Amino acid sequence: MTLADFLRGELGLTGTHLGCEHGVCGACTVLIDGASARSCLTLAVQAAGHEVTTIEGLGTPENPHPLMRAFSEMHGLQCGFCTPGFIVSAFEYLREHPQPNREEMRRDLSGNICRCTGYVKIFASIERAAELMSS
Amino acid sequence: MKPAPFEYHAPTEVAEAVRLLASYGDEGRALAGGQSLVPLLNLRLARPKAIIDLNRIESLAYHRLEGDVLVVGALCRQRDLERDPAVLARCAAIADALPLIGHLGIRNRGTVVGSLAHADPAAEWPLLAMLFDAELVAEGSGGRRSIRAADFFKGAFSTALDPGEILVEARFQLPPEGAGTAFVEVARRHGDFALGAAGAVVAGDDVRLALGGFDSVPLRVAPDPEAAPSAVNPVDDIHAPAAYRRRLAGALARRALELAKERAR
Ligand SMILES: Cc1cc2nc3c(=O)[nH]c(=O)nc-3n(C[C@H](O)[C@H](O)[C@H](O)COP(=O)(O)OP(=O)(O)OC[C@H]3O[C@@H](n4cnc5c(N)ncnc54)[C@H](O)[C@@H]3O)c2cc1C
Ligand code: FES
Ligand code: FES
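From first to last, the protein sequence lines stand for chains S and G.
Count the first sequence with the working numbering and you get residues 1 to 135, in order.
Count the second sequence with the working numbering and you get residues 1001 to 1265, in order.
Hints may contain errors.
Claimed, not checked - Not the full set, but computed from the structure, chain S residues with beta-carbon under 10 Å of chain G:
{"no.": "1", "residue": "1"}
{"no.": "2", "residue": "13"}
{"no.": "3", "residue": "14"}
{"no.": "4", "residue": "22"}
{"no.": "5", "residue": "24"}
{"no.": "6", "residue": "35"}
{"no.": "7", "residue": "45"}
{"no.": "8", "residue": "46"}
{"no.": "9", "residue": "49"}
{"no.": "10", "residue": "73"}
{"no.": "11", "residue": "75"}
{"no.": "12", "residue": "77"}
{"no.": "13", "residue": "79"}
{"no.": "14", "residue": "107"}
{"no.": "15", "residue": "109"}
{"no.": "16", "residue": "111"}
As the list claims (entries may be wrong) - Dumping the calculated SDA-like pairs for lysine to any residue here, alpha-carbon to alpha-carbon at most 20 Å:
{"no.": "17", "chain 1": "G", "residue 1": "1002", "chain 2": "S", "residue 2": "11"}
{"no.": "18", "chain 1": "G", "residue 1": "1002", "chain 2": "S", "residue 2": "12"}
{"no.": "19", "chain 1": "G", "residue 1": "1002", "chain 2": "S", "residue 2": "118"}
{"no.": "20", "chain 1": "S", "residue 1": "121", "chain 2": "S", "residue 2": "101"}
{"no.": "21", "chain 1": "G", "residue 1": "1049", "chain 2": "G", "residue 2": "1026"}
{"no.": "22", "chain 1": "G", "residue 1": "1002", "chain 2": "S", "residue 2": "47"}
{"no.": "23", "chain 1": "G", "residue 1": "1002", "chain 2": "S", "residue 2": "24"}
{"no.": "24", "chain 1": "S", "residue 1": "121", "chain 2": "S", "residue 2": "53"}
{"no.": "25", "chain 1": "G", "residue 1": "1002", "chain 2": "S", "residue 2": "44"}
{"no.": "26", "chain 1": "G", "residue 1": "1002", "chain 2": "S", "residue 2": "132"}
{"no.": "27", "chain 1": "G", "residue 1": "1002", "chain 2": "S", "residue 2": "79"}
{"no.": "28", "chain 1": "G", "residue 1": "1002", "chain 2": "S", "residue 2": "101"}
{"no.": "29", "chain 1": "G", "residue 1": "1049", "chain 2": "G", "residue 2": "1162"}
{"no.": "30", "chain 1": "G", "residue 1": "1002", "chain 2": "S", "residue 2": "8"}
{"no.": "31", "chain 1": "G", "residue 1": "1002", "chain 2": "S", "residue 2": "9"}
{"no.": "32", "chain 1": "G", "residue 1": "1002", "chain 2": "S", "residue 2": "121"}
{"no.": "33", "chain 1": "G", "residue 1": "1154", "chain 2": "G", "residue 2": "1164"}
Hints are computed from structural coordinates only; laboratory data are not their basis.
Predicted model, so just to flag it, every value in this text is computed and none were measured.
Just so it is clear, CB atoms sit at the ideal spot from N, CA and C, and this is done for glycine as well.
Could you build the full structure based on these sequences and the hints that come with them?
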């Protein structure tokens, strides 16, 4: 069983989305020991003894992470299918680059696909989150 | 889109992994980063009876520079090299190639040695292995042996590894300090497998060129951009016609050689 199916089916953590199930779309991105990974390409058993962070672990509706606030403020989502994967990947990106720049963002987030937004508002949201996090 | 059932083993020692793999013969598969194998399992293009997961073998998680040799253990993630300034500073071609491989989350998990074992004709590491005359160290029930990159890649997704053998280490023979090296490629979108790629070394009289993505295996060819289009045998497919790919081989050869020359001191 993949980690994605375990998170969603066994633990009921359905914030992690499944788009392609073969590594292409990034919707299923989680952090394993702090590093982004596709949960559709990781077996659940491989996570034993490691720390897995899902979108649920970054914030809640009552207490949203600055990235979640920024995506909502800046319209960084339309249908929202890609959003959990983007936020988890952006979390890793901002941890390593507290001052985002668009070139780097394009490169480091190239593994997440969005069919709705055209990406511009996603990048604007990440920039906004960086502002929120630094203030 | 779910894997067919398989038996799963997670040995902690190489010898145990080799014994397990050998016991399944053709029906066992090693699992490293899973970034190529798990898609095949999910799509049921691969249906091994058993998966031997190498991820718990801590002794394989290393890389180091030994003089001019970059030694990479089987559990070294592509991202581990990307994060090591000493490696990036020592070899520009590797620094060029790393960010072109898939995406960050893929490189966090995917291993260098797994990419060599997978032997995708368009992958970056097999081309770098040809460029740097890598020695690939395999371990099987009969012990260890070392295979030259030129003898390792047999065809698309096909290598000289025998069933039951594990690739434990890759040794890239980097050119001396001061040599210029470069890696360039063309892909439709960032992170896609390349339509074609070229790697070059300029170290005094030692000028080398390797081309990948054009044939079933990466090739070392004469370091001459004019000759490159006729040195490759590309096919037509949905991504590009063969005639385009031939021209691409010449253009990439020129770019790689020029960049390597600029960088040579
Ligand atoms: C969306 C996406 C884009 C990608 N883009 C690129 C790209 O542009 N360029 C590129 O090069 N790669 C790309 N990859 C593949 C990625 O780099 C893989 O990580 C790599 O090819 C395989 O390494 P792995 O450790 O994940 O191997 P695995 O997937 O675990 O294994 C791959 C194969 O090698 C065998 N194997 C692995 N390790 C060993 C070993 N030590 N001994 C014997 N056999 C072994 C396995 O049995 C399996 O057959 C991409 C992957 C995805 C999902
Ligand atoms: S569902 Fe995992 S990458 Fe698409
Ligand atoms: S918001 Fe719909 S896929 Fe990104």
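The hints, checked one at a time:
| no. | hint | in the structure |
| --- | --- | --- |
| 1 | 1 | holds (8 Å) |
| 2 | 13 | violated (18 Å) |
| 3 | 14 | violated (17 Å) |
| 4 | 22 | holds (4 Å) |
| 5 | 24 | holds (8 Å) |
| 6 | 35 | holds (4 Å) |
| 7 | 45 | holds (6 Å) |
| 8 | 46 | holds (6 Å) |
| 9 | 49 | holds (9 Å) |
| 10 | 73 | violated (25 Å) |
| 11 | 75 | violated (24 Å) |
| 12 | 77 | violated (19 Å) |
| 13 | 79 | violated (20 Å) |
| 14 | 107 | holds (6 Å) |
| 15 | 109 | holds (8 Å) |
| 16 | 111 | holds (3 Å) |
| 17 | G:1002 with S:11 | holds (18 Å) |
| 18 | G:1002 with S:12 | holds (18 Å) |
| 19 | G:1002 with S:118 | violated (30 Å) |
| 20 | S:121 with S:101 | holds (14 Å) |
| 21 | G:1049 with G:1026 | holds (9 Å) |
| 22 | G:1002 with S:47 | holds (18 Å) |
| 23 | G:1002 with S:24 | holds (15 Å) |
| 24 | S:121 with S:53 | violated (25 Å) |
| 25 | G:1002 with S:44 | holds (13 Å) |
| 26 | G:1002 with S:132 | violated (40 Å) |
| 27 | G:1002 with S:79 | violated (25 Å) |
| 28 | G:1002 with S:101 | violated (38 Å) |
| 29 | G:1049 with G:1162 | holds (17 Å) |
| 30 | G:1002 with S:8 | holds (14 Å) |
| 31 | G:1002 with S:9 | holds (13 Å) |
| 32 | G:1002 with S:121 | violated (33 Å) |
| 33 | G:1154 with G:1164 | holds (17 Å) |
The structure fails hints 2, 3, 10, 11, 12, 13, 19, 24, 26, 27, 28, 32 (numbered hints given earlier, in ascending order).
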